[in-house]
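This is what each chain is made of:
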Amino acid sequence: MKTFIGWAYLAALFAFIFAPIAASVVFSFNSDRFPTLPLGHFTTDWYARAFSRPEVWQAIGNSLIVAAATSAIASFIGFATAYTDFRYGFRFKPAYLALALLPPTLPLVILGLAMLAWLSQVGLSGTLTGIIIAHVVLATPFAMAICRLRLSQMDPSLESAAWNLGAGPWTAMRHVILPFCAPAIVSALCLTAAVSFDEFIVAWFVSGLNRTVPVLILEILQGNVDPQINAIGTVVFLTSMSLVIAAQFLIFRKRRHE
Amino acid sequence: MNASRKFDPYAYVWRLPLLLWQGAFFVIPLIFMAAMSFWLVKNYRMEPTFVFDNWERMLGRGAFWDAYWITLWRAVLAGVIASAIAFPASLFLAFRLTNSGRRFALLCLIVPFFTSFLVRAYAWQVILAESGPVNAALGGLGLGPFTMLNSGFGAMVGYLTLVLPLVVIFQTWSLAAIDKSLIEAAGNLGASAWATLVRVIIPAAKTGLVLGALFAFIMTFGDFVSPFYLGGSKPPTLTILIIDTTKSGQQWPRAAVVAIVMILTLFAVATAAVKAAYRGRG
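Line order of the protein sequences matches chains A and B. Per our numbering, residue 409 is the first one in the first sequence, and the count goes up by one each step. Per our numbering, residue 478 is the first one in the second sequence, and the count goes up by one each step.
If you are wondering where the hints come from, they were derived from the structure by calculation, not from laboratory data. Heads up, a few of these hints could be off.
Quick list of simulated restraints, FRET-style, between CB atoms [claimed, not checked]:
# : chain 1 : residue 1 : chain 2 : residue 2 : range
1 : B       : Leu536    : A       : Ala506    : 23 to 31 Å
2 : B       : Tyr487    : A       : Trp465    : 38 to 46 Å
3 : A       : Asn632    : B       : Leu536    : 32 to 40 Å
None of the values given here were measured: they were computed from a predicted structure. Where is the CB? At the ideal position from N, CA and C, for every residue including glycine.
Okay, chain B solo, but in the shape it has when bound:
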């Protein structure tokens, strides 16, 4: 596998495209964004300088921290709720379905990931509206009408639509990979179904369970469609703050401050979660 030490043009034809493209259009823009957070906007133009003005202004605002905590809280909540809702379905998919049935179900779950989330959010807007189908059906039972949009509930419906397929996929993969003889052994040794679940199945599938929750967290943390179109922007999340600051305020450097705080938070959470996911594994 180890290619010869001397320069091999053939190897570089295949190695360089990624380095060039992601270097020029992924790494450099991010570095530039970080540098830009120290620039100033004068007369609607950015001027290169090195001051902490934007940082002091953004981090000194109560509104920024309100947005920070609500975003973090919702991402944690979505990770927990999505994991809890997905788990029974994943257990069923992993242990009760044939291999081909499971593969078909997982292929179906990949499809929504590649369909317009914007249109899906709009459909929820109509479904959950005050006079929409859900309230009409509940009204037939003598309930409601309930206000579901422009609330934390509305945003959560959006988050779950976004993340559930991926969480189910992660969980099912790790559950299906468990050695079935482990579970039989637990049963033979007299463990109840509950004890087998808690003491054998969950620890064995830990990696997939944690990674599923982590991806739910990351996607919720960075989502702007759910809080904007279903959550009513009140309170604003960090993503809404970035968009408002960029689009209407033309204050790109201040938006960059928010973006960097988000990246640092995601990095810290992801590192901790990956460590937890692989702890106790060779």
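Pulled out of the complex, with its shape left as it was, chain A reads as follows:
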């Protein structure tokens, strides 16, 4: 009985957390403009309408460019930082690590304001480059955390062994560290792309006319209730969830054999 209550409680909590995601998918195929119970009939009309709008495709293009650039840069910086933490001890290392991990704890509205002000000073506000710059700041800590997790599973003497056998540091990096970290790096690429793909507050502050998908959703939302958002949202959910699940699969799959 106690276990039953436990399961029921857990199920209720998960239902609350996942209700909006599930509802969005259901409503996107539902004919009512203002969905209620009982539901209307099945339709793909909202998808057809949403994806016939040129600005939606424009936004998708922008989002893909920003997400791809962000994930490449953030994963590189994240890996470099994780490796530095793994390999070296130095003065100010706590400050270095704080710099590496703090950005996501700052409210996005504040980061958005600071970015807008600073990027306009250097002439980058309103550009996709500006959004990429801001997203790399936000996404790097996640890449760093994943790569660090992977490195902590590696025997540190492995690299020294390669050095002792005559490999230079670059050769050891290429033949020992990078192959070992490969799943984590791919995982970081996926996760940082997901972070970028969903971020809309900073992007909204700095984007100007170059809207990404979530910024477009935000602007549609400021008008009227429109189930097209559910259609676009479902596609966005599927994209980011596949990226996150792929990232988790890659990082946790190997562990079982070790």
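Take the given structure of chain A and dock chain B to it, following the hints.
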């Protein structure tokens, strides 16, 4: 581990990228924002100067302090409510599930963290609407309709959607890490289940419980989607104040004042919470 003292280019290739990027695009923008709070806007352009005009204007406004206290109060409330709702689930996850079952549940909880909160908030807007599914179901029972949107309740639904997964993850981690023999010992010594919970389990898991509540506080304090789309902006929170001041008023320096007050508040709360979380631990 301690690399040689002499200059090692290999080491710097890996160390510098973070310093350069986060220095140029995280630290400097924040410093610039702080400096900007002393500038003035004339003819829609910011002019560098050093006056306390914006500070006096913002901090002298009753509306600012109303926004401050409502934001702080909601963040505390969300931290407490989320912790209370999450705790029974975390206990169950930590003590009744197998290791692989628990890992699977936690992996599921990470997923929403990376999905669009904006679309989720919109879904709540539809679900909780006056004529929406929840009111339709309640109407079938002869209840309602209830006005749930554009209220503190609506905002709280948004906050909880945002923070609950993370709170459960923090709590479950710290609970699952408790040495099970401690709990058995308490039982063998005749402690009731309640006494074991209050005197053994909660103190042992304190770090995760406090950090979970802290993250709920931080995320609620900085959230603008829930108060805006589900809370109806009335009363406005600090985040809404920043957006209004920036977007419609073009008063970036005044928005910067609000942002700095928020950062200072978060810093004070985080320092206190981390101290409390690790107190009594080596």
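Now the hints, each set against the structure:
Distance hint for Leu536/B and Ala506/A: a CB-CB separation of about 29 Å, consistent with the stated range 23 to 31 Å. In this structure the hint that Tyr487/B and Trp465/A lie 38 to 46 Å apart at CB holds, the actual value being about 45 Å. Separation of Asn632/A from Leu536/B is about 37 Å and conforms to the stated range, judged on CB atoms against 32 to 40 Å.
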